[in-house]
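Go ahead and model the full structure; you've got the sequences and the hints to work with.
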Amino acid sequence: MSISVKKPNKVSFKTVFIRNRVLLLKIAIHLMSFLPLLALYLLAFDEQLGADPVKEVIHFTGIGAFNLLLLSLLLTPIAKKYRQGYLLQTRRLLGLYSFTYALFHLLSFLAFEVQFDLMLFFSEIIDRPYITVGMAALIILFALSVTSITSLRRKMGKKWQKLHNWVYGALLLIALHFFWSVKSDIVEPMIYVFMALFLLNLRRAKIKAWFK
Amino acid sequence: MLIKTKKSYQLSEQEVTDESVYHSRRDLLKKLGYLGAGSLLAQSATANAGPLDFFSSKEAAVFQRKALTFQKANESSQILTPEAKVTSHNNFYEFGTAKGDPVENAQEFKVDPWQLSISGEVDKPYTLGYDDLFKSFPLEERIYRLRCVEAWSMVVPWVGFGLADLIKRAAPNSRAKYVAFETLYDPKQMPGQESRRIGGGVKYPYVEGLRIDEAMNPLTFMSVGLYGKTLPAQNGAPIRLVVPWKYGFKSIKSIVGIKLVEHKPPTTWNILADSEYGFYANVNPEVDHPRWSQASERRITTGGLFARNRIATLPFNGYGEEVADMYKNMDLRKNY
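Protein chains in written order, with my numbering: chain A, 1 to 212; chain B, 1001 to 1336.
These are computed hints drawn from the structure, not numbers from a lab. Positions of the beta carbon are idealized from the N, C-alpha and C atoms, including for glycine. Please note: incorrect hints may appear among the correct ones.
Covered, in the sense of this in silico footprint (three residues per stretch, anywhere, with C-beta under 8 angstroms from a C-beta of chain B), are these stretches of chain A [claimed, not checked]: (1) 36-45; (2) 50-60; (3) 102-116; (4) 120-126; (5) 175-185.
Take a look, some chain B residues computed to stay more than 12 angstroms from chain A by CB distance [as the list claims (entries may be wrong)]: (6) Pro1315; (7) Glu1321; (8) Tyr1327; (9) Asn1329.
Now the structure itself:
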């Protein structure tokens, strides 16, 4: 029996980095998503977010949800183009954070804007088209989040992909929600609409195929 | 024993958050990058701010306010909105569309010299210079509720004089049926007028109008100050209109022209979206804005996120006794 004495490990920093890149990326996503959300509510509770913290909180979480969704949808084209398949392993986390932000967006509207006036809450969702489409988008993100559990994904088989294609519907609804919600300053929503259309355009072959 | 009763407007220091704290916190969020692409662009586009602002501490100019002499308002049971909030939460698109933009972008605004002309269907047109704004009429304080069309409201101690005094001095003739107001047009000083992106696509100069009886109503006020001092730039220095029973956008800021006219004048938000903003714009809980309910409002006073501040909106913002008569034969659903 020969005992091979291992040479002292000479693993370079680069190798460690590459081996753990998915983990590192996930940690980065947690930090950049969770910390701002925490800071936001702490500052808001402490009356440190300007004269109308309600508005700040609602806008911040809304834009945050949109940013994270766009980022999650940007990963696939980047991974394909630069052959960085590992990136795809972080899509779920980004998607879940997008839903989390959207949920806080809605809950902040309920708790701080209409202040638990449920009649007003539901009538606003039904009567205001921009809120209706936002709610529809949130329901889609909720369905996608719940079914993101691996065991459910296996169980659902082909249906899973079909359901998750609805993310593009959610993307368009969110863009419309933002566009309709502003009074006159449409420049920023337009930038977001273009970003959404850009991401959809990258998938035009796939989308065309559905309608054949 | 001496019992000191605290007036409602005598807020203690701790209730008022220091402005600089406000802005630094808000900046922090901006730098975290979650306020959206547009606001990041807007920030780097403002005067004197470069893309490297993140690292440099900009020596900020501060708009100077002077103390005013005036007759104090009677004691009011209303809780005032703290001065720091009144002066940092503004809709003044000439200086940017976000609520915090005007306080950031208006600090270098020059108000002296100023010229306010009163003209049109009058026998004695005249012009007021900067100093005249504070000397021509006795100044008094009025504590008014300000209801924004976006369903938030404040309570503000304004200092100024009645618009009626200003108009009477010009001796209007019988053709004077309406009053048209105009804001300064100076794109060099007002970045929102220079750039569509910053100014929210509004056609400038901002214009507003009132019917002559509305203009002569004793409630209608020309404000030259708030909280005992001259107006901050972001609140419409050096002189602005305050019409407390109408939505805030009627209360036009930084006025250079007041013209008595025979026909109904165009008004800025009505030009922009006729179905959403009418000429009258009386506060009316019965008539919703197409995109939000007007039945209630959030009253901004002290308190952070957990403030329970949603209150019912009153017809004419609670000033019905003084103004409802002017509209008794009108369908206020049509004339919103």
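The hints, checked one at a time:
1. 36-45: holds (count 7)
2. 50-60: holds (count 10)
3. 102-116: Since 4 is at least three, the answer is holds.
4. 120-126: Held - the stretch 120-126 of chain A has 3 residues with a Cβ nearer than 8 angstroms to chain B, which meets the minimum of three.
5. 175-185: With 5 residues close enough to chain B, the hint holds.
6. Pro1315: holds, 18 angstroms
7. Glu1321: holds, 27 angstroms
8. Tyr1327: holds, 25 angstroms
9. Asn1329: Per Cβ check, asparagine 1329(B) is outside 12 angstroms of chain A; nearest 30 angstroms; holds.
In this structure, every one of the numbered hints holds.
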